[in-house]
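J.: Residues per chain are reported as follows:
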Amino acid sequence: MSAHAGTIDHHHDHTTTTGIPNKKLFMWAFLASDCMFFGALISTHVIYRLHPTPEGADPTKLFSIELTSFSTFILLMSSLLMALAVGASQKGKVEATRKMLLGTIFFGLIFLGCQVYEFTHFVHKGLTLKSDMFGSTFYTLTGTHGVHVAIGVLWLVLMYIRTFKPTDAGKAWVTRAVVQFMAFAVAVVSIMFVMLAVTHAGAEHGYTLSSVVHALQHDAITSGAALAFAVSTVLLFTLGRSTWAVDFGEANAIDVEGMGLYWHFVDIVWIVIFTVVYLLEYL
Amino acid sequence: MSSTVSETTQEHAHADDGKFHLFVQIAMILAVITGVEIVLIYLPIVKWLVVSMLVLLSLVKFLLVIFWFMHLKFDKLFCTILFFIGLVLAGGTVAALLAIFSPHDSVPLSAQAIYAERAAAAK
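Same order as they appear, the protein sequences are chains A and B.
If you're matching positions, the first sequence starts at 1 in the working numbering and goes up one per residue.
If you're matching positions, the second sequence starts at 1001 in the working numbering and goes up one per residue.
Extracted from the complex, chain A is given alone in its bound form (with noise of 0.2 Å):
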């Protein structure tokens, strides 16, 4: 399959030995190994898990499998959008590369938010790193999956960023693109914040108009995080509009290529420990 709109056969490079970029075999080489690490402490949890000590914590009494789906449902989705921004690079749309880092990003934070969530939860039932073996293995292994998903909303956020560089080196770029992905970030906390007020104002109240504005106004927080959502998306779509031309192109598609092989590995790990850690523990 060759690379439709443009002039680079994205799955072919004459210059070396193999004909796969060197990149490409880099980050296959690379995955491979992180599987070899997955591997052990997959397995590790595993072992404790079949032999149980008699004081551990009951994880059905903890898990909210509700929780998990969902944030299983936000990864899948995120890699459905990062298999798209791969595309569109392939293409030389640079706009549409953006707008599908951006969806990635979104559903990245989506996903790490939930995880914070669900760790803050157990922590407060009393389940630690050191309470028992299951809270060792189980912080461990989700832990630093979950760390694997930030190192790559970190790195989709300078791929992001690194779209915006102009062809005219003199130009100062990287302030204005960092202050536009400050100001997603913010628009997306502070969407949190709000819907999480307005949820809260409609278990209690009902979901009627007057008992959103009353969840608004409720207290300083979802006030100012309201105002900060208006302000920032208005920034957001003010300084996106880059109108120079900028040095991205299908000449970068195997960067983000590269990108997207990492979070799509993230996300089959995920895949694995979503059976493996909550579904089977249901049985």
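Source of the hints: derived by calculation from the structure; they are not laboratory data.
All C-beta atoms in this analysis are idealised placements derived from N, C-alpha and C, irrespective of residue type, glycine included.
A couple of the hints might just be wrong.
[Stated by the list, open to error] Chain A regions said to be covered by chain B (calculated; three or more residues, Cβ under 8 Å): (1) 22–35; (2) 41–52; (3) 61–73; (4) 208–218; (5) 253–264.
The hints should help you fit chain B onto chain A, whose structure is shown.
T.: Only chain B this time, still in chain A's reference frame:
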């Protein structure tokens, strides 16, 4: 000439749409399989069958992501070989560890004493 160029452009556009739809379809299949897995654990069927089906469904999701989303199907065979070397080594390590540590002899001595006490108390 211009009609040939426009036909080629249309073919490319169709191919691009096809790839987009393929990715979306695969994502929907992955979501459906995840839903099936969640329902499966609550069904009143024998445990070995549930575990086997969960493993099979996870394998299907795994293969869909690596061969289509990660483009392994369309890349050179060497990439597949390289990744599967790591995967086979990882799988072999997992299998070996489970074979070594799963028997009853691997239960910690302190835990054995407590299990024996509880079993005696239950009688």
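J.: Does each hint hold? Answer for all of them.
T.: Verification of the hints:
Coverage of the stretch 22–35 of chain A by chain B holds [criterion: at least 3 residues with CB-CB distance below 8 Å; count 9]. Coverage of a stretch by a chain is defined here by at least three residues with a beta carbon nearer than 8 Å to that chain's beta carbons; for the stretch 41–52 of chain A and chain B the count is 7, and the condition holds. With a threshold of 8 Å between beta carbons, the proposed coverage of the stretch 61–73 of chain A by chain B holds, since 4 of its residues qualify and at least three are required. Here the stretch 208–218 of chain A counts 0 residues with a CB under 8 Å from a CB of chain B, which misses the bar of 3, and the coverage is violated.
Only when three residues or more bring their CB closer than 8 Å to a CB of chain B does the claim for the stretch 253–264 of chain A stand; here the count is 4, and the claim holds.
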